[in-house]
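Chains as they are written, first to last, in the UniProt record's numbering: chain U, 1 to 320; chain D, 1 to 323; chain L, 1 to 325.
Everything labelled a hint here was simulated from the structure, so no lab data went into it. Only a predicted model underlies this, so the values are computations on that prediction, with no experimental measurement involved. Mixed in with the good hints, there may be bad ones.
As the list claims (entries may be wrong) - Taking lysine-lysine and the DSSO-like style, the derived pairs with C-alpha atoms no more than 30 Å apart in a straight line are:
#1 U:210 <-> D:151
#2 L:265 <-> D:175
#3 L:200 <-> D:202
#4 D:45 <-> D:17
#5 D:91 <-> D:273
#6 U:217 <-> D:151
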Amino acid sequence: MTDLPQSPDTPIAVKKPSRLQEIWASDFLWQFRRSPVAMVSFAVVMLLVLSAVFAPLIAPHDPFNPATLNLMNGFTPPGEANMFTQDTFFLGTDDQGRDVFSTILYGMRISLFVGFAAVLLAMVIGITLGLIAGYVGGWTETIIMRVADVQLTFPAILVAMLIFGIAKGFTPPEYRDQMAIWVLILAIGLSDWVQFARVVRGATLVEKSKEYVQAAKLIGRTPFAIMLRHILPNVLSPVLVIATISLALAIIAEATLSFLGVGAPPTQPSLGTLIRIGQGFLFSGEWWILLFPSITLLALALSVNLLGDWLRDALNPKLR
Amino acid sequence: MSLVSIQNLTRVFDVSKPWLNRVIERLPKRYLTAVSDVSFDIPAKTTYALVGESGSGKSTIGKMVVGLLPPSEGGVTINGIDLAIETDDDKIESVRSDIQMIFQDPYASLNPRWRVRDIIQEPVVARGGKATGLAERLLEQVGLTASDADKFPHEFSGGQRQRICVARALASEPKLIVCDEPTSALDVSVQAQVLNLMSDLKDEFGLTYLFISHDLTVVQHMADRIGVLYLGRLVEEASPDALFDAPQHPYTQMLLEAAPRMDGFGREVEPPKGEIPDPIDPPSGCAFHPRCPMAVAKCSAERPALKTVGESRVACWVAQGDT
Amino acid sequence: MSAEPVLSVRDLVVEIPTRGGLLRPVDRVSYDIGAGEILGVVGESGAGKSMTGNAVIGLLDRPARITSGEIWLNGERIDQLSMRELRKRRGKQIGMVFQDPLTSLNPLIPIGQQLTETIREHLPVTAAEARQRAIRSLEEVGIPAAAERIDSYPFEFSGGMRQRVVIALALCAEPSLVIADEPTTALDVSVQAQIIALLKRLCRERGTAVMLVTHDMGVIAETADRVAVMYAGRLAELGPVREVLTEPHHPYTSGLMGSTPLASKGQPRLHQIPGSMPRLGALPDGCAFNPRCPKAQDKCRQNPEPRIGPADPRAACWFPLGETA
Chain U
1 MTDLPQSPDT PIAVKKPSRL QEIWASDFLW QFRRSPVAMV SFAVVMLLVL SAVFAPLIAP
61 HDPFNPATLN LMNGFTPPGE ANMFTQDTFF LGTDDQGRDV FSTILYGMRI SLFVGFAAVL
121 LAMVIGITLG LIAGYVGGWT ETIIMRVADV QLTFPAILVA MLIFGIAKGF TPPEYRDQMA
181 IWVLILAIGL SDWVQFARVV RGATLVEKSK EYVQAAKLIG RTPFAIMLRH ILPNVLSPVL
241 VIATISLALA IIAEATLSFL GVGAPPTQPS LGTLIRIGQG FLFSGEWWIL LFPSITLLAL
301 ALSVNLLGDW LRDALNPKLR
Chain D
1 MSLVSIQNLT RVFDVSKPWL NRVIERLPKR YLTAVSDVSF DIPAKTTYAL VGESGSGKST
61 IGKMVVGLLP PSEGGVTING IDLAIETDDD KIESVRSDIQ MIFQDPYASL NPRWRVRDII
121 QEPVVARGGK ATGLAERLLE QVGLTASDAD KFPHEFSGGQ RQRICVARAL ASEPKLIVCD
181 EPTSALDVSV QAQVLNLMSD LKDEFGLTYL FISHDLTVVQ HMADRIGVLY LGRLVEEASP
241 DALFDAPQHP YTQMLLEAAP RMDGFGREVE PPKGEIPDPI DPPSGCAFHP RCPMAVAKCS
301 AERPALKTVG ESRVACWVAQ GDT
Chain L
1 MSAEPVLSVR DLVVEIPTRG GLLRPVDRVS YDIGAGEILG VVGESGAGKS MTGNAVIGLL
61 DRPARITSGE IWLNGERIDQ LSMRELRKRR GKQIGMVFQD PLTSLNPLIP IGQQLTETIR
121 EHLPVTAAEA RQRAIRSLEE VGIPAAAERI DSYPFEFSGG MRQRVVIALA LCAEPSLVIA
181 DEPTTALDVS VQAQIIALLK RLCRERGTAV MLVTHDMGVI AETADRVAVM YAGRLAELGP
241 VREVLTEPHH PYTSGLMGST PLASKGQPRL HQIPGSMPRL GALPDGCAFN PRCPKAQDKC
301 RQNPEPRIGP ADPRAACWFP LGETA
């Protein structure tokens, strides 16, 4: 393909288009507009994220306000009315009379918060170590990457449980419930940095050998400045893809931990906690307590994952 | 006085397998001598060209001259200062800003995420200098327009990118520019434009070039003096006229004979014998002797030193008349 | 040429649909290659020279495709064949040599096996005969100790030796046409001379037609019988190599020749063509070369340049050099 000019589909600008038009016409958005999967999953993600963010405004009930709860409303099936106020619980209630729809909205807040924060932590650790390993090389690289390899041989969820257990041991008992969310973030974040580090190291090795890095060295730039200002911007696009897919995995990891009872406490239930609570009632006929949180988790994880898949293809010029 | 003086420059690379493999497979360490005992001077405001095929060590010499690689032995003195042993920071800084480099691949030598203005001004900004309007001025100097400063590298063709690289090289007002195959990634017509630009700038700013290339025709056009490298050693050094009209070293003769000619219609050349030997395990004596049509017994036994023969310097027993 | 050409390309158009519109990396190109003849295709990057070769062997990367024109190989029209039919002809009737020998050889299979597989796929021989043939073809391309090295893997050969193996692979089924796309660009000067000499000798001995795609005018001058100069997807000039290079009729050919350092020997500055080749999406009206042409007139700006082919005038130019003196 050496014979193709550099960018055959750059439109010939007669008048300089506005910034907004430029963004709209960019290759990236053009690809997005052509992919139904990407658009649908993006819509689902946005819907879920926004409804989680605005949960206090949307939710018909505050599931954590004991004043509004009434045990008499327990196990109301979907679509039936509150015994006292005649509001409809259109996804039903759980054993304590909490509105399932509202608990899902609030649960999603916890799940998404933990997911985003854990991925952020993993990214910061992974990118930093990956950049250093790739750029500095030698023994530093060997140590970082061997640690990463060792961690990779254990299932991430096991690592997370281990970290969770250790961290929990260090927190005083009276703060445990309060700190549970942060410990969860730490556990998932620390169990997930390896793939960021590997990808960033690989990309750094490629960029490091390019001549613009040599030009910067020649000028006398410090290794820190070269890593931060020259290499980092050029290794970010694969990181973005992994971050998206990691988000889906982190949400699932959080749900798994919470399901196993080592994650979010029942006072701050995440989707995983809700599923754990719900599975106890599955065989006694109250299926909705399990089903709706599960569907939400599935929709969230699946659409984030699909979006990540699409992003990987869109950012990879070879697959176009 | 010469601006650049290179004395007995040698660079050895450790190409051994990792430690564990060596222990298990009982292998010794392996070394590759990329550059071996190379000495030459570059007078100020001239162009010195290094030619050679792959593995000749020409790029390694370029990297050592600009200080990207430390020499294993010998040294590079620029303006009387050797970067590898100098301890005075001010002197190091002054020499550093006197050297710049232009690279082969115009697509890899510009950071794709930076605007052209930032790329060009980096050499000045990195030293804490003021660079207002500098990029615009330099862009016009290399035949682009001031408004190009706000663009990103992907908006330019290969030739235009190489002009941007030239502009960046000029930003710190250097005395010496090392050009590592500056036009070998470019098309012929673009190559002509870039070479002309480089000649013009040389006259305008009084630049000194170390020009590294594998293309004999380009070298012949640009250079004031040419050094021919084979397996990390200088085998011949001469002015372009002397080198192209009367090459002394059999390797130079072979290169000139093998290069395709524009007027060589239907030319049947006897193709050169053999290939470049493994640089890890070079032949004894003169490294060229297994391929040399004139080789005598002495060639495989003793290595000829670079000696002055007429106007040239040449490392060949036969050319030195000492067989 | 009196005999029927081996390869005959007529008004070939390759198009790539993009967001910005339809691009034509190959625009109505016509040429013939006769038996034993070497046609050099020169041009700068983006001129469409590789794409022309790829179109002939049906190796266009999607979404590029042939939209009109005809390709005839040994009297058979091949541009409308299915991929399967075309694959049969590749190797049997058309051999290929690419710039990077590593991409044309499977790194995991010994070269001998790759050769015998190709031979047996196209010729009715036994395994033992195929192996004999493979050894013979390796000897022919100058691989020392061919019988011993036949079971070596590609990485055990140097760059020049690998390109020799690729040539052996391209020629082992005795094709009537060889397409060599920048076969020596990745090689050193001394090795390049060896490979060029080898290609020339083998094709002359066997009467193979060769399409030699390269950007190196020197290689063309020494190797080709006729030369096709391409510019912006179109043929600029087509004719016998000596005439085209010494007395170019198209101003682009003339400029290209002039800008090589050899042509400007002894002058402080090289001759240069102003500007650069337009992008395919932004071709000028009229002749594609007119904005850079020193002789452009109104006619050139308004009318597309005349198209040329084997039977037509040499240069696709309204005011060819040398004729309008």
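Hints and how they fare:
1. U:210 <-> D:151: Holds - the C-alpha atoms of residue 151 (chain D) and residue 210 (chain U) are around 21 Å apart, at most 30 Å.
2. L:265 <-> D:175: OK: residue 265 (chain L) and residue 175 (chain D) at ~27 Å, within 30 Å.
3. L:200 <-> D:202: Not satisfied, since the Cα-Cα distance of roughly 42 Å exceeds 30 Å.
4. D:45 <-> D:17: violated (44 Å)
5. D:91 <-> D:273: violated (49 Å)
6. U:217 <-> D:151: holds (23 Å)
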